[in-house]
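Undergrad: Below, each chain spelled out in residue letters.
There are 2 protein chains.
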Amino acid sequence: MRYKLRCISCGTVYDPSEVEYTCPKCGPRKGTLEVIFDYDEIKVSREEFSPEADMFQFEKLLPLPKDYYKVPLKVGGTPLYEFPNTAEKLGLNRFLVKYDGVNPTASYKDRASAMAIAKATEKGYKIIYAASTGNAASSLSGLTAATPHLKSVIFVPVRAPRPKIVQIKVFGATLVAIDGSYDQAFDISMKVGEKMGWYSRNSAINPYLLEGKKTGAMEIAVQMGYEVPDYVLVGVGDGTVISGIYKGFYDMYKVELIDRVPKIIGVQAEGADAVKKVFDKGEPFEPIDMEASTIADSIAVGKPRDVVKACRYVKASGGFYVSVSDEEIIEAQVELASEMGVFAEPAGAAPYAGLKKLLKIGKVGKDDVVVIAVTGNGLKDIRALEKKFDITPVSPNEEDVLDYLKKVFDF
Amino acid sequence: MRYKLRCISCGTVYDPSEVEYTCPKCGPRKGTLEVIFDYDEIKVSREEFSPEADMFQFEKLLPLPKDYYKVPLKVGGTPLYEFPNTAEKLGLNRFLVKYDGVNPTASYKDRASAMAIAKATEKGYKIIYAASTGNAASSLSGLTAATPHLKSVIFVPVRAPRPKIVQIKVFGATLVAIDGSYDQAFDISMKVGEKMGWYSRNSAINPYLLEGKKTGAMEIAVQMGYEVPDYVLVGVGDGTVISGIYKGFYDMYKVELIDRVPKIIGVQAEGADAVKKVFDKGEPFEPIDMEASTIADSIAVGKPRDVVKACRYVKASGGFYVSVSDEEIIEAQVELASEMGVFAEPAGAAPYAGLKKLLKIGKVGKDDVVVIAVTGNGLKDIRALEKKFDITPVSPNEEDVLDYLKKVFDF
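Taken in sequence, the protein lines are chains B and Z.
Okay, so the first sequence: first residue is 1 according to our numbering, each after it adds one.
Okay, so the second sequence: first residue is 1001 according to our numbering, each after it adds one.
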């Protein structure tokens, strides 16, 4: 095999054939694995990558066999938008948005699902399962729908946003709608999945998911002409997306496609900031649990599953964590949409809220080139915005319409 | 100017500086204009187009000035998926899906909005307005949000799907939520827009929208290596998307990029099939009105605004119209999602429903290469599916979960 698996806590190195998910010595919480390559053996050049191709253009840097299964939908190759007006308004050198709301099921999680499906196929599984706050679930359901040889079983909290539940159902997965939290759905899925012998697409415990998630960072590097930004801000729940973002830049640095790794900043909701708490306490990073409470359902995680990696990697990058209130998240959603035309779900707007906070306290400033990752489409959860906006019906006659418009326009 | 405007009914040719919207002689309903080029003057080659670039790669074939305004979001360049398993199941030679659910605001309408915004900018307008069933509205609101020099005013029926209404609001447009039908919203918008001197992004009456919409067809040609399909099926409300699809292939044929125009088939909902009725009655195509009633809100149009063009063009292609029931549309939504991983809103699934109907009666068959256009993301309207799926909450304990799963799996 051209890659190995290494425990994030004890550092033991395993051959991929020896271990499926986590380090037997350190257990599933602290013993998540990282995929390590022999970087000297990987021959890549900048010219072979394009700004618009799908995530599998990075196959030489992915832990896949020669003839791997590729889902027949376009995952990745999402746009990186630059907004000079916003940069000027915020007082930044440059401001860019990586928008993953246009993946097949409208979230960043498609990158991990595509990878998990490739691995399940390689390993000969027929059923793949996942616990999820919603996006990983709708993603797995959608991409397995396009994969005739696999079926999926999904565990989500029954109170997940309806659009995500509808996605899961219409894509045809078997849905177990757990009357409880994401953390409860996760734990029960692990027990049942193991008992049934299904392949796990659970965050953190499957080391390959992160390898799918790293492709977003690789695309940012390619799209910026290999001049990486100073900061990348990412919303954080379990901690795998942020770990993936770091790993993508790290791998590219190791094969000399870029000359440094940007500082990675994790943004959490104040009501679900366990990773930030662990990070701020310092090494050794000891997992903690809390009750999660935030409108940003995709990062409403109280028992983060990849907390050690998420802290290690962010520290290695020179970055840090920041938390934001639900009000700041909604404000960020509105600003991204109304000033840039970028519609983010609450968790996807959290990085922008974090950026605004850091600008206020001067931790990010006018010389900086900043990228935020918008990881989910606003259409996936409209509850907070629905409450915010009043809709006044207007009668279909000229007088009433002109009266109504007079309140907005001065005529 | 390198293009002219020609009335679809009387054939009068105008210079673009002479007329803004429709033919003064034939009026706004019958006198919609088509953009005509001097094709001999356009020098293009197959090599200059790519399968993933945005819609403005076709600028030489668009009625734009040299320095036109391009919205800073990626419009077009959407995937064309091929599904060999589905082709085999249906008994077709090839089956492909053009998926526009991944445009910036998740519908095909972004192509027309990007074009309208370029024209409004060229003409120096500060405010642009539209009446819409929902998608054109959320699209215009989103793309003007990314355009600092323009504001938008939107007229939609207050009963449009909530996700579309939320999009309109969060993107910051002035929303006039009409207590009535789309047809009423359209008529009142025309009166008010004209009175206020705003630029119109109203379907059919603005001849440039269709020029934006034609880029989807051009992408299909490029993505198929210039070997166009036998049939392209499209959902039809006002009739501009289907006219745009025809025009895209026609323009490419005229500049010799492709050697024929595919047969274009329009698919309407049974409860809103005015275009089909006009088409079936034959020439001269006389507009009719009806009360529209269908769950497919994007094509719930009783007074189609581009009916003459939509009939003329489909006839010229050798195609025809077919109508489908709401039940067939929902079934098509489920099949597209669960068998291909493609989530379409009801109107976006209508072409697949139409295809299945035509297969049944043998009008399309085993030698045919068929493309369907899925024009909107399923997340934009989940009402019909929400009603369809029961969600049973399951307690987060192993016994209950296993009991639940036993109903699905045999173990």
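You may find that some hints are simply not true.
Residues from chain B shown here face chain Z by an in silico Cβ test under 10 Å; the list is partial [as the list claims (entries may be wrong)]:
hint : residue
1    : Ser9
2    : Thr12
3    : Ser50
4    : Pro79
5    : Pro84
6    : Ile127
7    : Pro163
8    : Leu359
9    : Val369
10   : Lys380
11   : Val394
12   : Val401
13   : Tyr404
14   : Leu405
To be clear, the hints were calculated from the coordinates, so they are not data collected in a lab.
Since the structure is predicted, the reported quantities are computational estimates derived from the model, not experimental observations.
From the three backbone atoms N, C-alpha and C, an ideal C-beta is built for every residue, glycine too.
Undergrad: With a cut-off of 10 Å on the beta carbons, see whether Pro84/B makes it to chain Z.
TA: 9 Å, holds
Undergrad: How about Thr12/B: closest beta carbon in chain Z under 10 Å, or not?
TA: Where the cut-off is 10 Å and the nearest Cβ of chain Z is about 30 Å from Thr12/B, the hint is violated.
Undergrad: Does Ile127/B meet its interface restraint, that is, does its C-beta lie within less than 10 Å of any C-beta in chain Z?
TA: Hint on Ile127/B: holds, closest Cβ of chain Z at ~8 Å, below 10 Å.
Undergrad: The hint names Lys380/B as touching chain Z; please verify it with the least Cβ-Cβ distance against 10 Å.
TA: Result: holds, 6 Å to nearest chain Z Cβ.
Undergrad: Using Cβ atoms only, decide whether Ser9/B comes closer than 10 Å to chain Z, and label the hint accordingly.
TA: 28 Å, violated
Undergrad: Please verify that hint: Val401/B, Cβ, nearest Cβ of chain Z, below 10 Å or not.
TA: 5 Å, holds
Undergrad: Holds or violated: is there a CB of chain Z closer than 10 Å to the CB of Val394/B?
TA: With a closest approach of 5 Å, the Val394/B hint holds.
Undergrad: Grab the minimum C-beta distance from Tyr404/B to chain Z and call the hint holds if it beats 10 Å, violated otherwise.
TA: With Cβ-Cβ at 6 Å, under 10 Å, it holds.
Undergrad: For the restraint on Ser50/B, tell me whether the closest CB of chain Z is nearer than 10 Å.
TA: 8 Å, holds
Undergrad: Does Leu359/B hold up as a contact with chain Z if the rule is Cβ-Cβ below 10 Å?
TA: Since the shortest Cβ distance to chain Z is 20 Å, the answer is violated.
Undergrad: May I ask you to test the interface hint for Pro79/B with respect to chain Z, counting a Cβ-Cβ separation under 10 Å as satisfied?
TA: Result: holds, 4 Å to nearest chain Z Cβ.
Undergrad: A closest beta-carbon separation below 10 Å is what the hint needs, so does Pro163/B meet it against chain Z?
TA: 5 Å, holds
Figure legend: structure checked against the earlier numbered hints; hints not met, in rising order: 1, 2, 8 and 9.
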